[in-house]
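So you can see what is in the structure, the chains are spelled out below.
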Amino acid sequence: MSAPAMGTTKTAHSDVAPKKKRGPGALATAYLVIYNVVMTAGWLVIAVGLVRAYLARGSYHGLYYSIEKPLKFFQTGALLEVLHCAVGIVPSSVVLTGFQVLSRVFLTWAVTHSVREVQNEDSVLLFVSAWTITEIIRYSFYTFSLLNHLPYLVKWARYTFFLVLYPMGVTGELLTVYAALPYVQKTGLYSVTLPNKYNFSFDYHTFLILTMVSYIPLFPQLYFHMMRQRKKVLCHVEEYKTE
Amino acid sequence: MSRTTFFERNIGRITVEVLDGRTRQQLCFLDKVEPHATIGEIKSLFHKSYQQLYPARQDLKLDPKGKSLRDDDVLQNLPVGTTATIYFKDLGPQVGWTMVFLAEYLGPLFIYLLFYFRAPYIYSHQDVFTSSPYSVVTLACACHTCHYIKRLIEAIFVHRFSHGTMPLRTIVRNCVYYWAFSAWLAFYINHPLYTPPSYGDMQVNYALAIFVLCELGNFSIHVALNNLKAEGGPKCRRFPHPTKNPFTWLFFFVSCPNYTYEVGAWASFSVMTQCLPVALFTFLAFIQMTIWAKGKHKTYSREFKDYPQLRMPIIPLLL
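Residue numbers (the UniProt record's numbering), protein chains in the order written: chain A, 1 to 243; chain B, 1 to 319.
Because the hints were derived from the structure by calculation, they are not lab data. Warning: the hint list may mix true and false statements.
[Said to hold, decoys possible] Distance condition first, Cα-Cα at most 27 Å in a straight line; then the derived DSSO-like pairs of lysine-lysine: (1) B/LYS67 / B/LYS296; (2) B/LYS32 / B/LYS48; (3) B/LYS48 / A/LYS232; (4) B/LYS67 / B/LYS89; (5) B/LYS305 / A/LYS232; (6) A/LYS231 / B/LYS229; (7) B/LYS305 / B/LYS294; (8) B/LYS150 / B/LYS32; (9) A/LYS232 / A/LYS72.
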């Protein structure tokens, strides 16, 4: 979702947003192209890693370990995107982007990395492959857009693949969190109990359950938002084509 | 009636048509409206045709994408001519400000007391209706309760509100926030396993003193702001000044000392109870009030050319 045009936040807020956005400067564009190319490459590495590991082992099981390091590196690297929004070189909402990236980082580190026992689950493969395909398409979309040479195929893929990948990823994520629950409860991972000096307590197990519940209102909203975007972006192009 | 009489009687009258802002459908047609009628009067006339849409719910504009018209705008002073086309938007159910504050403040008041008296089903069965051995817990309850009683008194007797109402959705959201947070912090302070402050009575007493000073300060500022509105009237706009009351001298340094004192009160409450959830609440309140203070400061600076340069929005010399 887009936010006010960058660099004009102080004055343009009350005005109608101009149709043509002021793009980032030349240096920022160069940086963003490099960033998006690197991220595309990184997720391609993960994709290739998954395929090679599957071919080597002959089964879907335990593929997480073969791509653990690049997954952590490139998914965590996405935090830079929050910075891009904050600085203004990308016209997106800091809050929305932050929320999306943090939820990914949370799943990568606070669930999959922290709870060893879930790393063998097939649900991990489910969300990792969903993320991989999504990110390869997304980052190449941004790269081409920045270079003003966006092939229709990439645009189509970006606004179509999500129809399957979103539910796939969400299913994988929810199943993984669910699998982690008994281990978290048993070990009291990341939990603080009373009594303590600062009169505070935190139950990670309950927190994870609440996280799962939050998918119920959030996922449909995001999904239908993408569907509306799809209609706007793809149908508009078709109208243009018929002229 | 002769033709000339008809003409004389209707000269200068304006025809008003109200269209839906989205569908452009005509909702209401008002014939022969007096040119010195106000938008407020138009809203009342509109309300006659649509029982559900009381004036506070109506948002009227001359341009569907433009600014909303004020209730005291006079028809002939607007760029309309003899036929006025006004666009309507439904703001949804509205709640009067007094009701808003009552709901927002009565909730935390009673919820905290539920926890203080350890009502059933909150803590374990053997703790029901017991009391804490620590005096700071009772003190905290007194402070919290007095804070909200003060707020209720201000809402009823002191504040004068510029807007009449607030949308229902906003009030529900605000209430959920205030009520949930007060339940959360009350839970820990009144917990059987509560740990009193590390530096004992000294910490509690100093924090209490600052809390009381900040509450008095906050009240003084509200009274000062209220008097400003009373003296000035709606058209005369002045910005607040320090008065004889020493608590208002903070106006030398900040535009919104009421927010400064409010943060101070909650910060001292956090120290007094040494409770992390209270500190978190203070932090979030600080962020929100800083945003409001900055907005107010900008409005003042823009409106008054002689606005004091020394003043910062909320924290003297810093923020």
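(message) Under the constraints set out in the numbered hints, which ones does this structure not fulfil?
(response) Hints 3, 5, 6, 8 and 9 contradicted; others consistent.
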